[in-house]
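Those sequence lines, one after another, are chains A and B.
Counted from 1, the first sequence has number 64 at position 70 by the working numbering; the numbering is strictly sequential.
Counted from 1, the second sequence has number 60 at position 66 by the working numbering; the numbering is strictly sequential.
In short, the hints are calculated from the structure, not lab data.
Some clues are possibly wrong.
Stated by the list, open to error - Simulated pairs of lysine-lysine, BS3-like, Cα-Cα distance not exceeding 27 Å: (1) B:K152 with B:K166; (2) A:K109 with A:K152; (3) A:K152 with B:K152; (4) A:K193 with B:K152; (5) A:K152 with A:K193; (6) B:K166 with B:K193; (7) A:K166 with A:K109; (8) B:K109 with B:K152; (9) A:K152 with B:K193.
Said to hold, decoys possible - Negatives, chain B to chain A, calculated, CB over 10 Å: (10) D3; (11) T5; (12) A75; (13) E89; (14) D95; (15) R96; (16) R111; (17) S235; (18) D243.
Note that the Cβ used here is the ideal one computed from N, Cα and C, for glycine as well.
There are 2 protein chains.
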Amino acid sequence: MATDQASPDFTLDAFHRGRFWLVQPKGAGHRAGMDAMMLAAAVPSDFSGRLVDFGAGAGAAGLAVAARCAAAQVVLVENSAEMVAFAERTVTHPENGHLRDRISVLTADVSLSGKARTAAGLGDGAFDFAIMNPPFNAGHDRVTPDQLKRGAHVMPDKLFELWLRSAAAVVKPRGGVAIIARPQSIGELLVALAGRFGKLEIVPIHPRPDAAAIRILVRGTRGSRAGLSLMPPLFLHAAGSDRFTAAADDINNGRASLFGD
Amino acid sequence: MATDQASPDFTLDAFHRGRFWLVQPKGAGHRAGMDAMMLAAAVPSDFSGRLVDFGAGAGAAGLAVAARCAAAQVVLVENSAEMVAFAERTVTHPENGHLRDRISVLTADVSLSGKARTAAGLGDGAFDFAIMNPPFNAGHDRVTPDQLKRGAHVMPDKLFELWLRSAAAVVKPRGGVAIIARPQSIGELLVALAGRFGKLEIVPIHPRPDAAAIRILVRGTRGSRAGLSLMPPLFLHAAGSDRFTAAADDINNGRASLFGD
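Okay, chain A solo, but in the shape it has when bound (with noise of 0.2 Å):
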């Protein structure tokens, strides 16, 4: 990511060494970075078919999955009106001109349920895959130290389960789920995703090898019943280094999956 041009209330920020950019509010909210690109890298490389972005905010990872995958349709999924307008103008950029037919943007409360989720524009099975970065993550949703030390069992307003529910019903069968998640979380997660995803896939993210993780990145498949793995880490750092490893850069910069896929 690299900001090149600003105003007064927003940036233009690159993406993918200028790929696609992305138009956010300039100082306030949640800026997209890192976390965007490796919950976009969830996605093989090869998919093809309808992803929907959970929470998309102004919309990084969902155009990091279309700038990656040709064959993706990308619906971004925001429910805050200062962000939906954000997602808009990031959709319409001139520059991302190359992706503008394969995006859309979709006001909608992930949290809703049945017949008002439908009527929302999310039906049962309209997509192949949801991926999600809660905003349980998000600088503006940050724990304090007060939640921190309630431990691993703070889940504010259950939104795992309410965002995995949704996920369930939208996606079909076999469909993919991604979410990007803080290792305090992993509990919740794995208690929400039950039931509704298997084949689970875990990737711890650490900033350096001799470093506790810092994000989950958890991958299942909808309706699956196999088991859970847990897989090689990726480390953004080599020890001791301020440089990305090259996987964290391939991940960063759209040329490679999380999953080698």
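Starting from the known structure of chain A, fit chain B onto it as the hints suggest.
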């Protein structure tokens, strides 16, 4: 581990390069190996106090703790009369004489609760640390392909729940617990730990850096409300090599704790 001597019904196997020996049934039941050494390695080297080894078998993990942690008093708890006999033979073997006064054997069913558990010799708050390698992992209890197909949520007999209920009862506040398990069990394990042990530290154990984890080691603190950490993984071998990594060799031979403490 090296087998030095054999009879028709047992083997005598060296661990920690001969620092202690194990009397085990020959060719039948679960034979101790790296799982037990890795479990023992979860205990800090400067641990001082009473440690209980749930489902101790012939005593491999408990003796490995006693051999590395000079201030540890170890109680091996085993319910199988056959394995209790092997544990007794292990503890009283002349080669283990230097550990003899810090190890005892208790015949008890770890899954008991309340007064029955106390009457069996597992009193409330009687220990500073509990370690366990639930038989779910053992060769004689290996899940079938059909069971594996049922996915991550298989948990025969609620073993984790029963054993961790007992661990929470017998371990003092701020005492420790360590469990070695298959990665597929991480969900059930976290559910069974919830509200009992916090400050959880999970170490994924991979055969090689490019292969999925084959075990997880989870350590926790009784009553702590601190969050979960996904620690740097342990790789048993380098890519393309059959030799143990230095880290795995240190753990296998009782020269280091898995957490560097």
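Going through the hints against the structure:
With a CA separation close to 23 Å, the supplied pair B:K152 and B:K166 stays within the 27 Å bound. Between A:K109 and A:K152, the direct Cα distance comes to roughly 20 Å. Compliance with the 27 Å bound is thereby established for this hinted pair. Taken as a hint, the A:K152 and B:K152 pair is honoured in the structure, with Cα atoms around 25 Å apart against an allowance of 27 Å. Only pairs whose Cα atoms come within 27 Å are accepted, and A:K193 paired with B:K152 is accepted, the gap being roughly 22 Å.
For a cut-off of 27 Å, the pair hint linking A:K152 to A:K193 stands: about 23 Å separates their Cα positions. A C-alpha spacing of about 15 Å is found between B:K166 and B:K193, which places the hinted pair at or below 27 Å, so the restraint holds. Distance hint between A:K166 and A:K109 is fulfilled; the C-alpha atoms sit about 17 Å from each other, no more than 27 Å. For the proposed pair B:K109 and B:K152, the alpha carbon gap of about 20 Å is at most 27 Å, so the pair holds.
About 22 Å separates the Cα atoms of A:K152 and B:K193, which keeps this hinted pair within 27 Å; it holds. For B:D3, the condition that its CB be more than 10 Å from all CB atoms of chain A holds, with the nearest at approximately 36 Å. Against the 10 Å criterion, B:T5 stays outside the reach of chain A, whose nearest CB is about 32 Å from its own CB. Distance to chain A confirms B:A75 as a non-interface residue, since its nearest Cβ pair spans about 34 Å, more than 10 Å.
Distance check for B:E89 against chain A: the nearest CB is about 37 Å away, which clears 10 Å, and the non-interface claim stands. Every C-beta of chain A lies more than 10 Å from that of B:D95, the closest at about 38 Å, which supports listing it as non-interface. Look at B:R96: its CB is around 33 Å from the nearest CB on chain A, clear of 10 Å, so calling it non-interface holds up. With 10 Å as the threshold on Cβ separation, the claim that B:R111 sits away from chain A holds: the shortest Cβ distance comes to roughly 26 Å.
With a closest Cβ-Cβ approach of about 16 Å to chain A, B:S235 is found to remain outside the 10 Å limit, as its non-interface label requires. Once the 10 Å rule is applied to beta carbons, B:D243 is consistent with being away from chain A; the minimum gap is 18 Å.
Checked against the numbered hints above, the structure breaks none of them.
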